[in-house]
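> So the chains spell out like this:
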Amino acid sequence: MMNFLRNLDRRWIFLLMGVAVALPLLLKASFPENPNPGAEIVFNTIENLPNGSRILLSYDYDPGSQGELMPMAMAFARHCAEKKHKMYFMCLWPLGEPMIQEAMNILRSEFPELKYGTDYMNFGYKPGNEAVIKNTVQDLHTLFGTDYNKTSLNQIPMMKGVKTIKNMKLIINCSAGDPGTKQWIQYAATPESIPIVAGVTGVQAPQLVPYLPWPLLGQLAAIKGAAAYEQILIEEYSQFEEPAYVDAAQSTTAAKQRMGPQFVAHLLMIGLIVLGNFIYFIDRRRGRA
Amino acid sequence: MKNNTILWLIIFVLGAVGLAFAAINRAGETWVQETHMSYVGISSDIVADGVEKALTAQDEDEAAIQKAVGSLSGIGKWAPSGSPEADVIVQTATALGHGDDVQTVEWTEYKTVPLPKQMELLRETENATAEQKAQLTATLRQEGIFVSSGRTIGVWLAALFTLAIMSFLVGDNPLYKTAEAVVVGASAAYWMVYSFYTGIVDKLLVGLWPGLARDWAVPGMQADAAWDWVYIIPAVLSIMLLWRLAPMGGWISRWPLAFIIGATAGFRMLGFLESDFIVQIQHTISNLWFELPDGSWDMWASVAAWVVLIGVLACLTYFFFSVEHKGVVGKTARLGIYFLMVAFGSAFAFTVMGRITLLTERFGFLFRDWLHVLD
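Sequence lines, in order, name chains X and B. Residue 1 is where the first sequence starts when you use the working numbering, and the numbers rise one by one after that. Residue 1001 is where the second sequence starts when you use the working numbering, and the numbers rise one by one after that.
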């Protein structure tokens, strides 16, 4: 047995991990989710802004990270819509565009009273990474000229009085890497003192901790952060718990549903680490290592 | 038989069983609902003409025009056919003498039926006789609901590519290589086309030839937009950059390259200097004593601030190689290693969490959208 474990083919571990993720998913295992302080800060930042505040939402991720970021991106859009904030969408990744369209679909179907151009709009993608961010600070009209639908910005009612992102009360960034939250902090939030909150992938989360609590007011770290945010949103706006929202293509509990497999997979990981160390110490004691 | 052969044999047998199960379960079958859309509208030129007339309105007739154009400002230039807003648009165009220029745009939208409803439809058609099935299909067709072959093929392709990529876990194989090549090719093409339109067309062409850009690709841009000479500079730099492809004079491309490197370096240095250097130092040392709203000592916040300060100093000592790591310096450097280990552990744990989430999302797609075993 010890010999089998010592020479265990890693493909068995892959299989175990697959089962650990698949089973809770098939059994719909879910665990109670408690709001964490990070998610509370992010929620309160958006919640405490006066209704109708201008918010820039930059969705800087692509389908490769949508498992982690899509739930929080959709939760941000729903929360802002509930608060009647003016939403200005944009992205620094070419494949971020379809992600914005998902948010637009939610706004069109769940908030029909909100109108494109008056309550929300989409600048679309612009190449240039951090140079784009720097330009958003200087002049949005020169940078974009038109919105995603090629309508002149001058003809969009909610652009009246908006020249740069300094006219926004908050930046919300969903980030999967570079360019992303770090660049928004470096080129917009820090030099211009614009508050920013972010939802980021697990890989990025520890790297952004030094920017807390200023200029990064709060961050949702990976799927755990998204699940906590969804929980707070549901507690405050109970209609999001109704089947119409839960069963929607972009569910209001998407992140919470993904926490069940997460829990079991983490148990497996801990078990494997303990087992690996156990074998190592046994071998060392016997003088084999 | 070799271990690898056995493993592949098991996978192929499981795959065959899975595909048979998928076929029986009508895997990937996607229902859509078609909606006929019809909008009535008038062009920007007519509105501009109306605004001009309204501005010079003198008599009662012109006042009516003014009122009509004014009513447009609340509804825009397009409205769903048959709606009160559409009537206003038609009345306005007629009042302006452009009744014949009212345009009607029609198209059909196909929206995916929500998953619970799809599952319900699948169950209904599964247990029905051939006659009942035909009747149900006809009824649904009247509501505009039907199985979309295009989207069904799309779901199958997405599922097969997902499995092909996952097959790398067993070992490198042709299926994985094919899927990888498709991903790389499709992504590169998407990036290239999208960047061409958003960079070259939307910026360079709009800046240099606004009229051409408006007629060809950016119909919504301002009619009176003038060309901007500044865009000549990036245009020339772009041509110089592409010169390296020419058989002679490749050195010309070094100049724009030098400009890009210099500008990027300076640009990034400024960003890092402020947010990653000055602000970080300021936040690390500026506040080490925290109080609660009632004035009492906030122990945890204060301890956290001190831990950050000690951690920063210890890690800096570890990377300070001008003094030999012995005695106090050695011990501090050792402490720095512990802090670094904690940071790496935290980063690794977060990465694992992210990867598990991606796996969960893909399994969710396979079970829900493809195999229909989850609703």
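In case anyone wonders, no lab produced these hints; they're calculated from the structure. Glycine residues also receive a C-beta, built at the ideal position from the N, C-alpha and C atoms. Take the hints with a grain of salt, since some may be wrong.
Okay, derived cross-link-like pairs now, DSSO-like style, lysine-lysine, Cα gap no bigger than 30 Å in a straight line [as the list claims (entries may be wrong)]: (1) X:Lys-115 / X:Lys-150; (2) B:Lys-1203 / X:Lys-163; (3) X:Lys-28 / X:Lys-115; (4) B:Lys-1111 / X:Lys-84; (5) X:Lys-86 / B:Lys-1177.
Sample of chain B residues lacking proximity to chain X, with all beta carbon distances greater than 12 Å (derived) [as the list claims (entries may be wrong)]: (6) Leu-1160; (7) Leu-1169; (8) Val-1312.
> The structure should be examined with respect to each hint, and the outcome stated for every one.
Hint-by-hint comparison with the structure:
| no. | hint | in the structure |
| --- | --- | --- |
| 1 | X:Lys-115 / X:Lys-150 | holds (17 Å) |
| 2 | B:Lys-1203 / X:Lys-163 | holds (18 Å) |
| 3 | X:Lys-28 / X:Lys-115 | violated (36 Å) |
| 4 | B:Lys-1111 / X:Lys-84 | holds (26 Å) |
| 5 | X:Lys-86 / B:Lys-1177 | violated (45 Å) |
| 6 | Leu-1160 | holds (16 Å) |
| 7 | Leu-1169 | violated (5 Å) |
| 8 | Val-1312 | violated (9 Å) |
Against the hints set out earlier in the document, violations occur for numbers 3, 5, 7, 8.
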